[in-house]
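Start from chain A and add chains B and C according to the hints.
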Amino acid sequence: MKLLTCPMNGIRPLSEFIFGGEYRDAPDQKTCSDSEWAAYVHNRSGAPGDKKEWWYHSPSGTWFIAERNTLSDKVSRTYLLSANTNPTQEQAK
Amino acid sequence: MQALTPNKAIKLDAKISPAAPAQSGANVKWAVMNEMQIATAFASAEVEQARQKVLGVTDVSCFPRYGFKGPQAAQWAADHELAIPSSPNSWTLSNQKSLVLRLGGSEFVLEDQIGGIACEKLSIISARVAGVYKVPRADAAFILTGSAVLNLFTELCSLDLRSSALLANDVIMTQVAGISAIVIRQTHNGEPIYRIWCDGTYGAYMWETLIEIAVELGGGAVGLASYQQ
Amino acid sequence: MSLRTTKQNGEWLDRTKKINFTFEGEAFTAFEGDTISSALWAAGQKVLGRSFKYHRARGVLSLANHDVNILVTDGIDTNMRADVVLVKDGMVLNAVNTIGGVKKDKNSYIDSISPLLPVGFYYKAFHTPRRFFPFWEKVIRKAAGLGIVNFDYPRILKRKLHTHCDVLVIGAGPTGLTAACVAAEAGLEVTIVDENQQAGGSLGYDRSGNVATASQLTDLLAKAVGYSNITMITGAYAAGYYPDHLIPIVAANGITKVRAKTVIVASGAFEQPPVFRYNDLPGVMLGSAAQRLIYRYGVKPFNNGVVVTANDYGYRVALDLLAAGTKVVAVVDLRAEASPMAAEVAKRGVKVYPGHCVYEALASSDKSGVRGAVICAYDEQKNLAITAKKITLECDGIAMSAGWAPAGALLYQAGTAMQFDYAVQQFVPNRIPDGIFAAGKVNGIFELEQRINDGKRAANEALRYLGLSAPEVAVEKHAGASPSHPYPMVPHDKGKNFVDFDEDIQIKDFVNAAKEGFDNIELMKRFTTVGMGPSQGKHSNMNAIRILAKIRNLPVEKIGTTTSRPFFHPTPIGHLGGRGFHSHRLTSLHQWHADHGAVFTDIGAWKRAAYYPAAGQTKEDAIQTEAMAVRQTAGIIDGSSFGKIEVHGPDAAEFLERFFTGVYTTQKVGSCRYVMLLDESGVIVDDGIASRLADDLFYLSVGTSNAAAVYREMQRSQQMWQLDLGLVNVTGAFGAINIAGPAAREILATLTDLDLSYESFPISSVRESFVAGVEARLIRVAFVSDVGYELHIPMVQVPQVWQALLEAGKKHGIRPFGSDTQRLLRLEMGHAMPGVDTDGLTNPFEIGAEWALKMTKDYFIGQRSLQILEKKPLRKRLVAFVLAENFKGEMPMDCNLVLEGREILGRVTSIGYSKFIDRCIGLAFVTPAKTTIGAQFQIRTDNGSSVTATVVKTPFLKN
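Protein chains in written order, with the working numbering: chain A, 1312 to 1404; chain B, 2 to 230; chain C, 125 to 1083.
Just chain A, same shape as in the assembly (with noise of 0.2 angstroms):
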């Protein structure tokens, strides 16, 4: 099984996880066309290639991106999606 490292909890068998999709940016709804939006909504890339994904640390309850090559399943890297969420800065505070 494959292992995946949380930015919180570190490396962790896949198990533990939800995958949450492709993470991408939506177009801005009030002025994109019907179409626009349609594509967004509906298509997705399947190229093989590096894609920004969400994954769900589930016991901790952690969203998180993670940097995947989707042809030789390689995660580049990972990290929370916003550093104001960053626990270790709230810390800090």
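Derived by calculation from the structure, the hints in this document are not laboratory data. Please note that the accuracy of each hint is not assured.
[Unchecked claim] Calculated cross-link-like contacts (lysine-lysine; reagent style DSSO-like; alpha-carbon spacing at most 30 angstroms):
id, chain 1, residue 1, chain 2, residue 2
1, A, K1313, C, K381
2, C, K212, A, K1385
3, C, K996, A, K1341
4, C, K262, C, K212
5, C, K981, A, K1341
[Said to hold, decoys possible] Per the computed footprint, the stretches of chain A lying under chain C, defined by three or more beta-carbons under 8 angstroms from a beta-carbon of chain C, are:
id, region
6, 1312-1319
7, 1326-1340
8, 1355-1362
9, 1366-1379
C-beta: ideal position from N, C-alpha, C; glycine also.
Only chains B and C this time, still in chain A's reference frame:
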């Protein structure tokens, strides 16, 4: 909202440990501790002491707990004279008798050990503070003792929980027997012991599973009375 | 006649412990440590099993866990591999694939009609005429498969364990043991695994008649055992490679999943049989099998043998046979060039025939063994036997040494790119993934000293991979004669020269497959079934590749190999199942439900009380009784499994506005609003109730099964939005009771000081008060009845309130009701349930939930998609329907189709009989044309009858 006043006509009954549905048996002795009915003995003291040496499982769901989280949680704890672990996912003892777990960076669980009163002190604070959110706890909580504890974990948990891999004050949020749980290693009377917490609604399942394996490994259920000695 | 030798140095037997067992009704004795095959062979039993297809007699082939024609049953287990399974006292064994026993198998006639049964025969022969196929299917199914499944198999717990180590070494031969010692010396935690009962690998049996190798092994083992940081596991196989170095090790008593930081594969090589006519007779065996018989089990392979070889190993085998007291008639070497070892065996009086092949083995009169070998010159260029001058050698056995195939399954699974090394005529690793190292024979290193060197090299590379410093170790490439022959195949006009012993596949079968166009290795595998038997090609794939290469006139590396997948050996289902953890959540009322006869149902992770049948009461009756109580007086249900989430903080209302479809910023403290969650495409995910307890505190309750997912999505949204709030999942901390029915208010009033008048506590409002002395959140809902209160209380205190409610409601006839009854009650109310009455494509317009959408809001999840959907014509819509009064036909079921002729208009999503209304009521998706009140449509039942339904208004209660 209107002020809360209890209806004086009705008496508060004891709560029951969430693991209790799995703890039936003629030999089980029960007592009320911290308003919760808990198993104090499952067998004779001699049998339980023998189990403790190999693999004893004790239900301590009745220990008082207090949870809080939020960006100001650490500050709030300091304001209330609570010692907190300095780094995420670690634990410390506050005033020797209250265990403080830091879950991630900004969530805390306080658990009074026998004789601890920190939860009671916090629970009477009703003022809500910005950036601090109370997390009601309804954990099932267990203590595992004995020489075969790690054998049990090799079947229930895929992480390496041996002392070489687990730091003394680490808090591990992982899966045990397929469900989310918190695991730490402590020292009690000079012996290493492991603690497990899980959602109370999984308590009976967790107890069943722990006991099934403990018995196979030569241990078994140990009542709170034996653990206290 | 017994073939047992005197005690061998290093043998695996305990000769002080005798074992008695029977095989096919005949009594045998053995020593502890014998396998079933070694014990039978020692006793002179030659026919140990029958082949799968032609039912040919078979004996020992490899003694290395690929003698798959020798499968036995002890009446409990089936398909036990006799070549490796230890014999136990009192065993009663029978071969699996015979009719009437191995010696007189009635199916052996199939062998004589084998020319009628070429590969591909089944695909072609039995499909026309079609009407006969069912008959043939029965015949073929009976013939197919091995062994009989024992349906009374005892449930024996096989544990699945997780362990961790720095270095996992696979294979405890000289290479692996050396690697383990080097890693252990560096202070690392090492696990070494070997599928054999004892460590040592070929060092234990490949001795060239020289006893010195035995002491070399003893020294190496003693060294390994001396390291406390080496965990040695024998009698267990590394079953597969999974990402990030997770290797399940399968032993008789369970699976250990080893997570290693680095893996050294020193799994050795499988000896490959040369192919000649009747190479499958009992008594014809691999050279290494003969050596294993001698040195592990103290058994002479035969008395008077011929060795056929195509490498130098045959000479080593000849010397081992001589040492065991077997007379070696001749060594027949396919290679024209004399081996440097030829002189050594010649010196011992053994005739050497270089440039010769065994053209065919001669079967004894009853076909149960070998009576001789016909040899002749061999043209190594054309790979043909030159039959002009044949010599017949009398013998009772033939040992075969022609070459090796790497035991590289785990390397392949890890993604290793292999290349063909002509120096050793073998595939060897070329590019290995990070952290995995190969050493020894699997790496193309054969000479013993160099294998030990290679073990050191691999271990040092592993140390460097782990960040330790370690010296470079030079390993000499293979020099001299290749350990494998490039084409050890001898064609024969009459065939029966077997390539795959599992499936009785001969050379001509490959030729035929290629002629049919199946000339790619993966296609050829499927057509001929080579490598598809229980040994998975361990002794046949390499020869198949060589044959295909020759047919296509291509170099071997252009043919490639078939895909290797776990498991390395067949792994019992019971092992994979393990203990079987079935985690489940119980509410604090579980014991009460059980004590009161509840029938439980699984909803998500929860065990919920579905209904409470009285003695002798049917499910349907119980549900109707409970529902009537709610309609006429009062009922209570344990709703503790509902999802419950608190949203704290100044931005709580703003969060809800973005997350759900409705408006929450204007929601008054003390009031409740409906929440509906959509996904980005506008599909309904879940719904529930938001109760505002304070300006900065909302309490959400959502359905049971989606609760975890809803909370997870809230956490994700908060990560993105970064609002000033905190989310607290209180699903397990709070329990809930719903008390509903006309008497609910009166009953509840006796337990609380709260003013329950409809004016001060109207529908869709929330209050905090004490109920039965317990702090509670009371929510006025109308989900199952117009009068209903959800009481949310700390989980551990639910039983106390529950008891108090039952007590207080006794005189009203209050009843508990279960989740199945709740389904009926909400249907009577006309409420659609997400996940029941919606599916993964349903949008709010399709269930008539426009009222729940605040399209003018700035943003909510799914809003933009709804703006698009809104403009499109509706394709289906959920309607409420009733069946005819006193309907007595076949009751339609959930998911039955709504049809018009052959056109599908929709489907039933919920249906049930309501005793209170005395009608069959339901919800269904239909086309917009069928949605007007009074419209009729047809539902097709499971048995195909057509039932008329009429569209009505909801709630049904007021119809």
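So, going through the hints one by one against the coordinates:
A threshold of 30 angstroms between alpha carbons decides the hint, and for K1313/A with K381/C the separation of about 13 angstroms falls inside it, so the pair holds. Between K212/C and K1385/A the CA atoms are separated by roughly 48 angstroms; this puts the pair beyond 30 angstroms, and the hint is violated. Between the alpha carbons of K996/C and K1341/A the distance comes to roughly 19 angstroms, so the proposed pair stays at or under 30 angstroms and holds. Using a Cα cut-off of 30 angstroms, the hinted pair K262/C and K212/C is violated, with the two alpha carbons roughly 37 angstroms apart.
As the CA atoms of K981/C and K1341/A are separated by approximately 12 angstroms, the hinted pair is consistent with the 30 angstroms bound. Counting residues of the region 1312-1319 of chain A whose CB lies closer than 8 angstroms to any CB of chain C gives 3, which reaches the minimum of 3, so the coverage claim holds. Only residues whose beta carbon comes within less than 8 angstroms of a beta carbon in chain C count, and the region 1326-1340 of chain A has 4; three or more means the coverage holds. Figure legend: the region 1355-1362 of chain A, annotated as covered by chain C; annotation inconsistent (0 residues with Cβ-Cβ distances under 8 angstroms, at least 3 required).
Here's how the region 1366-1379 of chain A fares: 3 of its residues keep a CB closer than 8 angstroms to some CB of chain C, so the rule of at least three is met and the hint holds.
The structure does not agree with the numbered hints 2, 4, 8 stated previously, though it agrees with the rest.
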